[in-house]
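Let chain A serve as the given structure and place chain B on it in line with the hints.
The residues making up each chain are set out below.
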Amino acid sequence: MTAPATAAEARRAPARSAARLPLTLAVLTLALLAAAVAGLALGPVRIPPGEVLDIVVRGERLGAYASIVWDVRMPRVLLAVLVGAGLALTGTVLQALVRNPLADPFLMGASSGASSGAVLVIVLGIGTGALGAVALPAAAFAGSMAALVTVYALARRGGSMTTGRLVLAGVAVQYILQAFTSLVLVVAAEAEHVRQVMFWTLGGLGGARWDELAVPALVLVAGTAVLLALARPLDLLLAGEEGAHTLGLDPGRFRAWAFVLVSLVVGVLVAYSGAIGFVGLMVPHAARMVVGAAHRRLLPVAALGGAVFLLLADLVARTAAAPEEIPVGVVTALVGGPFFLWLLRRSRRTEEIA
Amino acid sequence: MTAVDAGERTGAAALTATGVRYAIGGRTVLDGVDVSAAPGETVGLVGPNGSGKTTFLRCVYGTVRPSAGRVELDGVDAAGLTVRQRARRIAVVAQDAGVAAGLTVREVTAMGRGPHKRFWEQDGPDDLRRVERALTEVDAGHLADRAFTELSGGERQRVLIARALVQDPGLLALDEPTNHLDVRHQLEILSLVRRLGTTNVLVLHDLNLAAAYCDRLHVLDGGRVVASGTPAEVVTAGLLAEVYGVPARVEPHPVTGAPHVLYLPLP
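Residue numbers (the numbering used here), protein chains in the order written: chain A, 1 to 354; chain B, 1 to 267.
Hints listed in this document are in silico derivations from the structure and should not be mistaken for laboratory results.
Errors might be hidden in some of the hints.
[Said to hold, decoys possible] Pairwise CB distance ranges, derived in the manner of DEER restraints:
id: 1; chain 1: B; residue 1: E72; chain 2: A; residue 2: R156; range: 29 to 35 Å
id: 2; chain 1: B; residue 1: G50; chain 2: A; residue 2: A179; range: 48 to 54 Å
id: 3; chain 1: B; residue 1: Q85; chain 2: A; residue 2: G59; range: 53 to 59 Å
id: 4; chain 1: A; residue 1: V226; chain 2: B; residue 2: Q85; range: 22 to 28 Å
id: 5; chain 1: A; residue 1: P22; chain 2: B; residue 2: Q85; range: 35 to 41 Å
id: 6; chain 1: A; residue 1: G59; chain 2: B; residue 2: E121; range: 35 to 41 Å
id: 7; chain 1: A; residue 1: A38; chain 2: B; residue 2: R65; range: 55 to 61 Å
id: 8; chain 1: A; residue 1: V221; chain 2: B; residue 2: D34; range: 51 to 57 Å
id: 9; chain 1: B; residue 1: T18; chain 2: A; residue 2: A229; range: 39 to 45 Å
id: 10; chain 1: A; residue 1: V221; chain 2: B; residue 2: T18; range: 51 to 57 Å
id: 11; chain 1: A; residue 1: D54; chain 2: B; residue 2: Q122; range: 39 to 45 Å
id: 12; chain 1: B; residue 1: R129; chain 2: A; residue 2: E60; range: 51 to 57 Å
id: 13; chain 1: A; residue 1: D211; chain 2: B; residue 2: D77; range: 55 to 61 Å
[Stated by the list, open to error] Which bits of chain A does chain B cover? Going by a derived footprint, with three or more residues having C-beta under 8 Å, they are:
id: 14; segment: 248–258
id: 15; segment: 292–303
Glycine residues also receive a C-beta, built at the ideal position from the N, C-alpha and C atoms.
Chain A with its partners taken away, still in its complex shape:
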């Protein structure tokens, strides 16, 4: 019986992490509020934070500042919160489902699949009007599901995924789907197809409008509620395929349902924000380092963390090169790519879920 040998181990000792949960949630909530105020204050027109708070708290609707805050920036901030939380949650769930820390909706092709589905519907002309409100998310869901199942089928080894196969299958499927998306947009001679391609392959929150927030908000709230309720079975999967089975969980059946649920959330999010990568990869890891692997703690922390992260990434995306806007996926990839490489290097040494 020895004390944790290194500082790194001590940091990961989950007992201390358990005690950290309330503090972590409090800090993240404050960070979320601060990032939201920054998101409302910064942009081509800088509004003093005090003024922003005034406008939001008093529900001020009149005046130029109020119009910018409520009509332009608020929907975008809310979309970033919804999408960030959703991607981080689905990333956390996917990592447990395939028992591999490198899983993420983007790397597993789910996001690109959703993009392909959405683009196809738009080009075929059923992506607009009343039908579009259903057809677009539905097609994104179908695309997301198809991609996820394909990657899983290619990379699985009895319920787990070896890192090599996961990355190869994921990247291949993702590239094929991105190429397909670009092809469809170019062939269909969509107006501004270059920007469209960028949106669907790298994501963007610039299109956020109040009347479009209802669907993602609804799906995300419902999806989050269900995903948070999955803490127990997700924990059981940490015991391995046979372990889960002997603890009363049918891993195959559970995984199938969870894939549907994840595809639904990812599909809907991507339909409104494009395919934004690495949020679902990075945030669950950071969360796990802070509060341990038990999903009862991990899921809420990842959701909050994802919201904060995407809010900040979007802030950088629209202010760093102003007046040009960088696709938000570029920002998340610039941060997340190196992180992914670091994980890959580490997983070669340990080959276990960190």
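Coordinates of chain B only, in the frame set by chain A:
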């Protein structure tokens, strides 16, 4: 170490396996295995490598479906049980069972409540009490807040037994629970298992340990049961020569009286 408080536990279950066959890829792994365990009995499965012990145990706990034959728990056909129902009756301590990093011992143990809860239910005070009690029972109460992956092999095995106890099973299936443990921990684990009050079916490699700690033994060889009975009936020089192909003398242990194998050099 506290005494077993059997009050809240379901009674020990009776296991009757008859004619269990299992074939995969044209190879017969189990060829009509009959094994029984009376309530509260500790039954050992022994035999050479590849004799089908682990596969048979997996047929009992349901991750392998026999191609023929029946496994009955208290007279009920186990094939008709759902995964959840089965996990409430049989708990398993598998060989080299791993758990991903980042969980405390308490969290790993609490997994055992899984089959008793709907998936969205949180653990209540009663569940937490059961977890604490099981950890105390296996003498791991002081480890509750430690990271599971930091534990030594013997400590991990004790915690996995605590997790199995929290499942409140009638039957405990253990696959080489003493594997990789030093001799002190081997003895500790086996005497712990005997104290639990469950029906126990263990796969064991060490014949002396099996003879000392099991009420009855079943010897498997080539997917068949070649001998069954009390250790004194089963562990004989003739059996060792026939099944393992090793010369040996078997003498009663001077202190316990259990049959004790003294291996002789190969001729």
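Structure-based check of all given hints:
{"no.": "1", "hint": "B:E72 x A:R156: 29 to 35 Å", "in the structure": "holds (34 Å)"}
{"no.": "2", "hint": "B:G50 x A:A179: 48 to 54 Å", "in the structure": "holds (50 Å)"}
{"no.": "3", "hint": "B:Q85 x A:G59: 53 to 59 Å", "in the structure": "holds (55 Å)"}
{"no.": "4", "hint": "A:V226 x B:Q85: 22 to 28 Å", "in the structure": "holds (24 Å)"}
{"no.": "5", "hint": "A:P22 x B:Q85: 35 to 41 Å", "in the structure": "holds (37 Å)"}
{"no.": "6", "hint": "A:G59 x B:E121: 35 to 41 Å", "in the structure": "holds (40 Å)"}
{"no.": "7", "hint": "A:A38 x B:R65: 55 to 61 Å", "in the structure": "holds (58 Å)"}
{"no.": "8", "hint": "A:V221 x B:D34: 51 to 57 Å", "in the structure": "holds (56 Å)"}
{"no.": "9", "hint": "B:T18 x A:A229: 39 to 45 Å", "in the structure": "holds (41 Å)"}
{"no.": "10", "hint": "A:V221 x B:T18: 51 to 57 Å", "in the structure": "holds (53 Å)"}
{"no.": "11", "hint": "A:D54 x B:Q122: 39 to 45 Å", "in the structure": "holds (41 Å)"}
{"no.": "12", "hint": "B:R129 x A:E60: 51 to 57 Å", "in the structure": "holds (54 Å)"}
{"no.": "13", "hint": "A:D211 x B:D77: 55 to 61 Å", "in the structure": "holds (58 Å)"}
{"no.": "14", "hint": "248–258", "in the structure": "holds (count 3)"}
{"no.": "15", "hint": "292–303", "in the structure": "holds (count 4)"}
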